[in-house]
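Colleague: Each chain, letter by letter, is given below.
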Amino acid sequence: MAAAKAARVGEEVWKTRIDKVNAELVTLTYGTVVAQLCNDYDSNYVEVNKQLDKMGYNIGMRLIEDYFAKSGSQRCANFKETAEAISKIGFKIFLNITPVVSNWSPDGKQFTLTFEENPLADFVELPDDGKAQDELWFSNILTGILRGALEMVQMQIEAHFTSDVLRGDETTEMRVTLLRYMDDELPPDDE
Amino acid sequence: MVVYSFYIFDRHAECIYKRKYLPPGHKAPGSGLPPSRPTSSAGSEADTGNTNVSEARPPSKALSAEDDAKLIFGTVFSLRNMVRKLGGVDDNFVSYRTAHYKLHYYETPTNLKFVMVTDTKMNNLRIVLHQIYVGLYVEYVVKNPLSPVEHPGGVGVDCETFEVGLDQFVNSSLQG
Amino acid sequence: MAALGGPAIACIGIIGKQDNPLHMSLFPPHNNAAGAYLEFSFLLNASLDIFDLRARDKNRVDQDLGLLHAMDERLSVWGWETGTGTRFAIVLDMYGRSGGEGEASGLGVKEGELRPAFRALQTAYIGLLRNPFYIPDEHTVAAGGVQIKAKGFIKEVERIGMAWKPGITTL
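These protein sequence lines are chains A, B and C, in that order. Per the UniProt record's numbering, residue 1 is the first one in the first sequence, and the count goes up by one each step. Per the UniProt record's numbering, residue 1 is the first one in the second sequence, and the count goes up by one each step. Per the UniProt record's numbering, residue 1 is the first one in the third sequence, and the count goes up by one each step.
Derived from the structure by calculation, the hints contain no laboratory data. Think of the CB as a built atom: it goes at the ideal place given N, C-alpha and C, for glycine as much as any other residue. Heads up, some of the hints might be wrong.
[What the hints assert, rightly or not] Taking CB as the label site, the calculated pair distances span:
no., chain 1, residue 1, chain 2, residue 2, range
1, A, E117, C, D137, 29 to 39 Å
2, C, N45, A, D169, 16 to 26 Å
3, A, V100, C, T82, 38 to 48 Å
4, C, I126, A, D169, 18 to 28 Å
5, A, K15, C, D52, 29 to 39 Å
[As the list claims (entries may be wrong)] Only pairs whose alpha carbons sit at most 30 Å apart, straight line, appear in this in silico BS3-like list of lysine-lysine:
no., chain 1, residue 1, chain 2, residue 2
6, B, K85, A, K20
7, C, K151, A, K50
8, B, K85, A, K109
9, A, K80, A, K5
[Said to hold, decoys possible] So these bits of chain A aren't anywhere near chain B, every CB distance computed over 12 Å:
no., residue
10, E12
11, E24
12, T27
13, N44
14, N58
15, F68
16, S71
17, S102
18, P106
19, T112
20, D122
21, H160
22, F161
23, E170
Given only the sequences and the hints, what does the whole structure look like? Please build it.
Modeller: See the structure below:
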């Protein structure tokens with residue numbers, strides 16, 4: 001139900017309200033940023049992952065406003081709905097992909113996003129230095145984006161990639177975990 | 001119809017933007033405030049064609065601008081919570097009216113709160129506030145990479161394009 | 001496998017605009033022949049002047065430079081130059097994959113027949129450039145003239161070399 005509705009909204013917004021930009025430009029821009037980070041951090045890929053996540057976090061906090069402004073959708077009632085909205089509206093309108101939501105944990109707080117395509121990583125071959133294949137998560141900006149965006153709707157989550165075709169894995173997958181719902185904040189000196 | 005003031009509160013309950021609209025030729029005591037950044041006191045040019053509203057300007061003129069914002073936040077926050085208790089989590093209040101003014105309220109899914117105080121004759125402004133969010137706030141503030149996402153310590157939205165846009169929008173569609 | 005006897009690609013060379021070798025792939029039966037690598041390097045090197053000559057031709061409208069020169073009745077070099085001066089050279093073997101037990105096919109290869117191969121090469125090269133971890137500057141003469149190491153690209157070049165045969169339209 002929720003999935004079908006989300007798919008419809010995503011499709012509609014994508015068709016009517018999104019300014020399109022050349023895909024190569026996006027791929028190249030993102031790729032250059034990652035390559036430059038790898039360079040700046042002397043191939044310390046753990047640190048590069050961290051930086052990408054941080055950049056994503058800052059993007060996510062802004063992107064969520066655009067998401068609501070464009071989609072006109074309301075807050076999700078539960079985490080399942082959130083997952084569908086992420087995949088079928090969020091990823092659809094910003095990257096024109098709809099990663100598959102699957103593999104729910106029994107408590108409904110964890111799911112896996114499987115990326116059948118990933119515009120960020122088109123044409124990318126990881127450096128052949130013996131550790132990039134094991135350490136670098138090329139698209140790690142996405143985890144940060146989800147974290148930043150969901151924090152703005154009072155969900156604290158943790159997200160990390162579990163596999164990436166760039167590393168030679170079969171699929172590209174991200175695991176998302178809901179840590180907690182955050183409370184409304186009060187003014188610090190409210191009495 | 002007259003707009004008295006406009007506020008934006010972020011998810012940390014911080015007032016990140018406030019704007020007062022004064023009738024022409026009217027110098028309220030409250031307008032001699034220190035020009036802290038979130039307050040862009042509108043000059044008389046912001047508001048043309050209003051002549052009949054020099055009395056009864058809410059909220060209380062004796063309050064400083066900061067107190068103003070706090071009071072408004074306290075009011076809408078409590079009202080919102082009360083409404084949710086009564087009507088369920090999806091419920092929200094749209095506006096309330098007193099003998100002197102009407103307060104309009106819109107909250108985004110990201111907990112940004114838009115508040116506009118107008119005279120009592122104003123129609124429902126929920127859609128207008130939504131338009132300000134979508135057309136002005138998201139476009140000019142959120143998408144401005146140099147403008148911070150969070151505004152700790154009362155650093156407000158300081159974005160000229162947003163303020164100009166807001167002025168135009170308010171003047172053209174609400175005032176007069 | 002190309003039909004026995006039909007012309008086949010013997011070697012593909014990618015040359016940077018400073019005449020620096022970027023990559024060279026050899027194909028059967030030459031890939032295992034002793035001294036072939038050196039021999040084909042010389043061959044490509046010898047074609048550089050013709051590349052220059054053709055590239056300077058003001059009437060040229062196309063990136064396809066056609067037949068550059070024919071070594072003997074067996075080997076001929078064909079060229080393509082991109083807008084940025086990167087050159088692709090294909091060496092054709094008229095004896096084909098069989099290694100030439102006597103009979104040349106007798107069939108000539110017409111101008112333009114190698115186009116699909118060149119186009120595929122160019123696509124592969126663009127793909128290579130789009131990999132953010134590939135740094136074109138690493139391959140200039142000044143930087144030591146390292147050859148291309150990207151596995152995906154090399155594999156694609158090898159696929160193109162093996163798949164092309166006369167008359168093919170897409171690769």
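Colleague: If a hint holds in the structure, say so; if it does not, say that too.
Modeller: These are the hints, each one checked on the structure:
1. Separated by about 30 Å at the C-beta atoms, E117(A) and D137(C) satisfy the suggested range of 29 to 39 Å.
2. Our hint of 16 to 26 Å for N45(C) and D169(A) is violated, since their Cβ atoms are close to 42 Å apart.
3. At about 39 Å, the beta-carbon gap between V100(A) and T82(C) stays in the expected band of 38 to 48 Å.
4. The hinted window of 18 to 28 Å between I126(C) and D169(A) holds, with their beta carbons roughly 26 Å apart.
5. Roughly 51 Å separates the CB atoms of K15(A) and D52(C), a value that falls outside the hinted 29 to 39 Å.
6. A C-alpha spacing of about 43 Å is found between K85(B) and K20(A), which places the hinted pair above 30 Å, so the restraint is violated.
7. Simply put, K151(C) and K50(A) have alpha-carbon atoms about 28 Å apart, close enough for the 30 Å limit, and the pair holds.
8. Restraint check for K85(B) and K109(A): the C-alpha separation of about 26 Å stays at or below 30 Å, so the hint holds.
9. As the CA atoms of K80(A) and K5(A) are separated by approximately 13 Å, the hinted pair is consistent with the 30 Å bound.
10. No Cβ of chain B approaches the Cβ of E12(A) within 12 Å, the least distance being about 16 Å, so the stated non-interface status holds.
11. E24(A), annotated as away from the interface, keeps every beta carbon of chain B farther than 12 Å; the closest lies near 22 Å.
12. The claim that T27(A) lies off the interface holds: its Cβ sits roughly 20 Å from the closest Cβ of chain B, which is beyond the 12 Å cut-off.
13. Annotated as non-interface, N44(A) keeps its C-beta farther than 12 Å from every C-beta of chain B; the closest such distance is 26 Å.
14. N58(A), annotated as away from the interface, has a beta carbon of chain B within 12 Å; the closest lies near 7 Å.
15. F68(A), annotated as away from the interface, has a beta carbon of chain B within 12 Å; the closest lies near 5 Å.
16. A Cβ of chain B approaches the Cβ of S71(A) within 12 Å, the least distance being about 10 Å, so the stated non-interface status is violated.
17. At roughly 26 Å, the least C-beta separation between S102(A) and chain B is larger than 12 Å, which holds for a residue marked as non-interface.
18. No beta-carbon of chain B comes within 12 Å of the beta-carbon of P106(A); the shortest separation is about 25 Å.
19. Once the 12 Å rule is applied to beta carbons, T112(A) is consistent with being away from chain B; the minimum gap is 25 Å.
20. Annotated as non-interface, D122(A) keeps its C-beta farther than 12 Å from every C-beta of chain B; the closest such distance is 25 Å.
21. H160(A), annotated as away from the interface, keeps every beta carbon of chain B farther than 12 Å; the closest lies near 23 Å.
22. The beta carbon of F161(A) is kept farther than 12 Å from every beta carbon of chain B, the shortest such distance being approximately 24 Å.
23. The Cβ of E170(A) lies farther than 12 Å from every Cβ of chain B, with a closest approach of about 36 Å, so its non-interface assignment holds.
Of the numbered hints stated above, those contradicted by the structure are hints 2, 5, 6, 14, 15, 16, listed in ascending order.
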